[in-house]
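Peer 1: Sequence:
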Amino acid sequence: MISSISFLGPKGTFTHEAANLLTDDLIEYCTIPAVMESVDSGECQFGVVPIENSIEGPVGATLDSLAHNFDLKIYKEIIIPINHNLLVNPGVKLEEITDVFSHSQALGQCRKFINDYGLQPHYAISTARAAKNIIGENNFAAIGNAKAAELYDLEIANTGIQDVDNNETRFVVVSKKDHEATGNDKTSIIFSIFEDHPGELYKILGIFNKDNINLTKIESRPSKRGLGKYLFFVDFYGHRNDNTIKRILKELELNTSFLKVLGSYPEFK
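Numbering-wise, the sequence shown is residues 31 to 299 according to this note's numbering.
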């Protein structure tokens, strides 16, 4: 039974919504590294953090924490549709709103709506904190989910205000161990190449191609070791304990300057 789960809070965020799919036994933390630390220290068995959005792309703090700061594994992935709402104080009309507050990702996902209505955007640490901060401010609105409106006694002035309808965010559940094989699995890794010269990354990707292993994601992030030096995050089908994947990982180890397996876990359905 899954229990004692930390999540990127506060309550009323989309991460809270994703974590609620697992259990009600939740502990909120205010930063992604704090969630990771709660699992690393053993205070919590699992932690839930966002890793990428279909519009705004990767969540750098999660990728960097997994790469540099914590030796944790991805145990599970959760993908939920993101439906952004304009939250206002009771009785306030849309035409009264001058300023809108939310997390940077949410503001980025609703650019068109914000521009069309001439609203002044302001960053908040989370969508839920934005909702809490506009209480009593009749010229202010927040962008958040229906749960935040319920928690802070706000009204939804407009729903589905995101720029793209098929907006989704992928969350990962981190733990000290990854998931046992299910037959429908994905594996996540990080690696860096020996030298940045033509064909080096192509050679690495060819290792997957030889065994017809499908990559589902590839991202590059600065390695924090100087300009032009990158880490590559790759997701692909298969479990690290599969014979084929074992062979691929062994070959990758010989052909990369750094390789870290972030874990194998069931593909979200």
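None of these hints come from the bench; they were simulated from the model.
There could be a bad hint or two in this list.
Stated by the list, open to error - Below, a list of computed lysine to aspartate or glutamate pairs in the DMTMM-like style, where the Cα atoms sit at most 20 Å apart:
| hint | residue 1 | residue 2 |
| --- | --- | --- |
| 1 | Lys-177 | Asp-94 |
| 2 | Lys-259 | Asp-272 |
| 3 | Lys-240 | Glu-180 |
| 4 | Lys-254 | Asp-94 |
| 5 | Lys-123 | Asp-55 |
| 6 | Lys-299 | Asp-94 |
| 7 | Lys-276 | Asp-241 |
| 8 | Lys-259 | Asp-94 |
| 9 | Lys-106 | Asp-241 |
| 10 | Lys-106 | Glu-185 |
| 11 | Lys-207 | Glu-47 |
Nothing here was measured: the structure is a model prediction, and the numbers come from that model.
Peer 1: Of the numbered hints stated previously, which ones are contradicted by the structure, given in increasing order?
Peer 2: 1, 2, 3, 5, 6, 9, 10 and 11
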